[in-house]
Amino acid sequence: MSALSLVAVAALTLGAASLAHAADEDVPSLKGKRIAISVTGTDHYFDLKAYEAQVAEVKRLGGTPITLDAGRIDKNLVSQLQTVITQKPDAVIQTLGTLSVIDPSLKRIRDAGIPVFTVDVPSQNSINNTTSDNWSIGSSLALKLVQSINGKGNVLVFNGFYGVPVCAIRYDELKQVLKYYPNVKIIEPELRDVIPNTVQDAYAQTTALLNKYPKGQIAAIWSAWDIPQLGASKALVAAGRTEIKTFGVDGTPEVLDLLKADNSPVGAVSAQQPALIGKTAVDNVARYLSGDKALPSDTYVPALLTTSANLSEVKKLRGD
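In our numbering, the protein residues as written are 437 to 756.
There could be a bad hint or two in this list.
[What the hints assert, rightly or not] Derived pair list, reagent style EDC-like, types lysine to aspartate or glutamate, alpha-carbon separation capped at 16 Å:
#1 K648 to E609
#2 K670 to D693
#3 K467 to D526
#4 K670 to E690
#5 K524 to D547
#6 K752 to D734
#7 K469 to D547
#8 K495 to D526
#9 K469 to D539
#10 K588 to D693
#11 K648 to E626
#12 K651 to D608
#13 K511 to D539
#14 K729 to D526
#15 K621 to E609
#16 K670 to D698
#17 K580 to E626
#18 K751 to E679
#19 K670 to D637
#20 K696 to D637
#21 K696 to E749
#22 K621 to D608
#23 K752 to D693
#24 K729 to E749
Read the hints as simulated data drawn from the structure, not as lab findings.
Generate the whole structure from the sequences, applying the supplied hints.
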């Protein structure tokens with residue numbers, strides 16, 4: 437492992453340890469409190485782990501979780517947020533979602549006097565948003581991509597969810613980095629990742645473009661999250677085109693497993709800590725309800741740029 441990777445792992449370990457220590461020993465009780473936990477969906481590793489951690493932490497602190505899963509359907513998400521007002525919980529935590537879709541509902545909840553907290557949703561209606569530093573994630577992943585292709589080549593980009601703030605930030609950081617690398621070009625039109633059937637769709641789109649662009653004409657594939665990365669990576673393996681490297685965000689176990697394979701097409705993935713993010717969000721709720729009104733608008737949980745060189749350390753830290 438490089439010295440830089442060792443420093444990064446150490447920093448991440450210290451950051452995670454300090455957060456966990458504060459959560460376990462310094463967090464007020466939620467006894468008698470009802471906390472609404474609303475999630476866009478739980479079919480993705482990040483969403484599921486953050487959601488499960490929120491439920492577990494509310495229970496650990498003596499509270500009662502009210503669980504709401506929209507199943508990745510926007511109209512269901514809007515509807516479940518509307519029901520939050522009638523249920524009158526002591527607070528609500530919303531995990532992910534397209535900001536333009538959910539923000540009016542978050543405003544109504546706030547206006548009803550219910551404290552709003554979020555995970556990966558930088559809403560003005562949220563008291564606190566617990567998230568990774570997506571600016572750092574986006575820039576470090578982009579720089580790793582550029583480094584891996586020696587500053588030259590064509591890149592396929594999946595850009596289907598720009599309305600989701602964390603995806604927009606990561607994409608904008610990619611474009612910002614590429615401004616200074618004129619020999620790296622994004623192939624137009626950009627690809628659109630979809631939900632559901634993300635892996636299958638990314639596989640099909642990548643396979644079609646591999647047939648269009650022979651060896652040497654594509655250097656890398658980028659996506660704002662790693663489920664399209666998984667589909668694209670599988671397509672590269674099937675086509676024998678592992679000279680092309682893929683880059684994404686989250687650290688879904690299937691992607692990490694593929695990363696450790698011989699001749700893997702996965703170049704890097706920025707691994708988040710969704711369980712710690714979810715736990716931290718609940719701890720912030722507990723502090724607020726106990727009278728701490730000085731919470732920051734954003735709480736950042738460390739993420740780590742993961743390659744085959746530091747994979748084992750990352751998996752150990754996250755408990756994978």
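Structure-based check of each hint:
1. K648 to E609: Not OK: K648 and E609 at ~28 Å, beyond 16 Å, violated.
2. K670 to D693: holds, 12 Å
3. K467 to D526: Holds - the C-alpha atoms of D526 and K467 are around 11 Å apart, at most 16 Å.
4. K670 to E690: The hint holds at about 11 Å.
5. K524 to D547: holds, 12 Å
6. K752 to D734: violated, 26 Å
7. K469 to D547: Distance of about 20 Å is beyond 16 Å: violated.
8. K495 to D526: Distance of about 14 Å is within 16 Å: holds.
9. K469 to D539: The hint is violated at about 24 Å.
10. K588 to D693: Distance of about 28 Å is beyond 16 Å: violated.
11. K648 to E626: Roughly 15 Å separates the two Cα atoms, so the pair holds.
12. K651 to D608: violated, 28 Å
13. K511 to D539: Between K511 and D539 the Cα gap is close to 13 Å, so the pair holds against 16 Å.
14. K729 to D526: holds, 15 Å
15. K621 to E609: Judged against 16 Å, a Cα distance of about 15 Å means the pair holds.
16. K670 to D698: Holds, at roughly 14 Å.
17. K580 to E626: violated, 20 Å
18. K751 to E679: Violated, at about 25 Å.
19. K670 to D637: holds, 11 Å
20. K696 to D637: violated, 24 Å
21. K696 to E749: holds, 12 Å
22. K621 to D608: holds, 15 Å
23. K752 to D693: At roughly 13 Å apart (the allowed maximum being 16 Å), D693 and K752 satisfy the hint.
24. K729 to E749: Answer violated: K729 to E749 is near 36 Å, above 16 Å.
In terms of the numbered hints stated before, the structure departs from hints 1, 6, 7, 9, 10, 12, 17, 18, 20 and 24, listed from lowest to highest.
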